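First to last, the sequence lines map onto chains A and B. Residue numbering for the first sequence is 1 to 167, as defined by my numbering. Residue numbering for the second sequence is 1001 to 1182, as defined by my numbering.
These are calculated hints, taken from the structure and not from any lab test. Bear in mind that the values here come from a model prediction, so they are computed numbers and not experimental data. Take these hints with a grain of salt, some might be off.
Capping the alpha-carbon separation at 20 Å, the derived lysine to aspartate or glutamate pairs in EDC-like fashion look like this [unchecked claim]: (1) 1174(B) to 1113(B); (2) 1033(B) to 1006(B); (3) 1029(B) to 1068(B); (4) 47(A) to 1049(B); (5) 1089(B) to 1046(B); (6) 23(A) to 1068(B); (7) 1033(B) to 24(A); (8) 47(A) to 1050(B).
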Amino acid sequence: MKLKHNILNNNEQLPTVLQELRKEANGFRVPDGYFDSLSPRIVDEIKRQEHASFSNVLVFSIRKPRVWAPVMATVVVAVLLIFVVPAKKASTIPATDDWTELNMAYDASYAEEAFLSDSHTIDKEIESKDINYSEPVSLTGQNGPSADEIAKYLNEHEYDAILLNEY
Amino acid sequence: MPEYTDNELVELFRDASRTHYAFNLLVRKYQEKVYYFVRRMVIDHDDADDVVQNIFIKVWNNLGSFREDSKLFTWIYRIAVNESLSFLKSKQLRSYLSLSSPEAQMVKSLHDDNYFDGPEIQRRLSEAIIKLPKKQQLVFNMRYYDDLSYDEMSEILGTSVGALKASYHFAVKKIEEFVTSN
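Here chain A stands alone, though its shape is the one from the complex (with noise of 0.2 Å):
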């Protein structure tokens, strides 16, 4: 009882021994210059851990299914709508150019029109001129050589005229 109302109490005085220890250095010491290095070098340790903890997590997180999938679903479908769609629409969609304007304004109805107008202006013509069906047809015109101006010209650089005849 009366150790506990001691000990309760603080009546407890110290051994000298340990009053005596009390006042002395307890022995320790520390390199030179501890102290002064000792906040640079918590702060490198904290801007370490910091950057590799954020490596951490990024690595982390996409290696979690639930992460990289999606992001692997979402890249998919990024190429499939960049390449392979565009690609498709390039032979059923025109390019946006003068030409293409042009053939979008392309109305058959108008060619066949046109044909016909031609046509039909070819057969004025023909009608319209006398052509002597059983003369030769002079390939050079009215002015070009005679026939025995040519056969002259074969027989002088032997040409087979007959053969020439034949065909």
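Knowing the structure of chain A, use the given hints to seat chain B on it.
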């Protein structure tokens, strides 16, 4: 170096433009107290250095949300206690792989330590403290070396004042017996 109160340091820390400045001041204000508390627990300087860095890193990470319902140093001291005990616990787990107990390893480290130059009686006192149970070590060091009140110790350790007084009493008895008998 300017002197700031703990409240001023906390306010400075919360100012985004002065966070690093405030943290630097805080470390320089408490580094020796924290270091020697840890050193007495873990003995080896390199181990103490690791633990001290961990303590102040935790301070950095959590000071922004410090509720100020206790004194700043009490809060830092609590972190120091937890980190020291965690370190000693991990050391104990690693010691299962070796033939010697953690206490024996620490006593050996104390005798081989290049950064201990006290008289033999100081070495024996440290050895006696190592042999105490961890909670008694904490109570003895906080009361004997850091001169904390029992109320402060109660706040830090979450133990009643009566239990702390009893723990200190028995620690003193054991240490006196060890130091004077050998």
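Structure-based check of each hint:
1. Taking the CA atoms of residue 1174(B) and residue 1113(B), the gap is about 24 Å. The hint is violated against a cut of 20 Å.
2. At most 20 Å may separate the alpha-carbon atoms for a hinted pair to count; residue 1033(B) and residue 1006(B) meet this at roughly 15 Å.
3. Taken as a hint, the residue 1029(B) and residue 1068(B) pair is honoured in the structure, with Cα atoms around 18 Å apart against an allowance of 20 Å.
4. Distance restraint check for residue 47(A) and residue 1049(B): the Cα-Cα separation of roughly 18 Å lies within the 20 Å cut-off, and the hinted pair is therefore satisfied.
5. A C-alpha spacing of about 17 Å is found between residue 1089(B) and residue 1046(B), which places the hinted pair at or below 20 Å, so the restraint holds.
6. Pair hint residue 23(A) plus residue 1068(B) does not hold up; C-alpha atoms about 33 Å apart against a cutoff of 20 Å.
7. About 16 Å separates the Cα atoms of residue 1033(B) and residue 24(A), which keeps this hinted pair within 20 Å; it holds.
8. The hinted pair formed by residue 47(A) and residue 1050(B) meets the criterion: a straight-line CA distance of about 16 Å does not exceed 20 Å.
Of the numbered hints stated above, those contradicted by the structure are hints 1 and 6, listed in ascending order.
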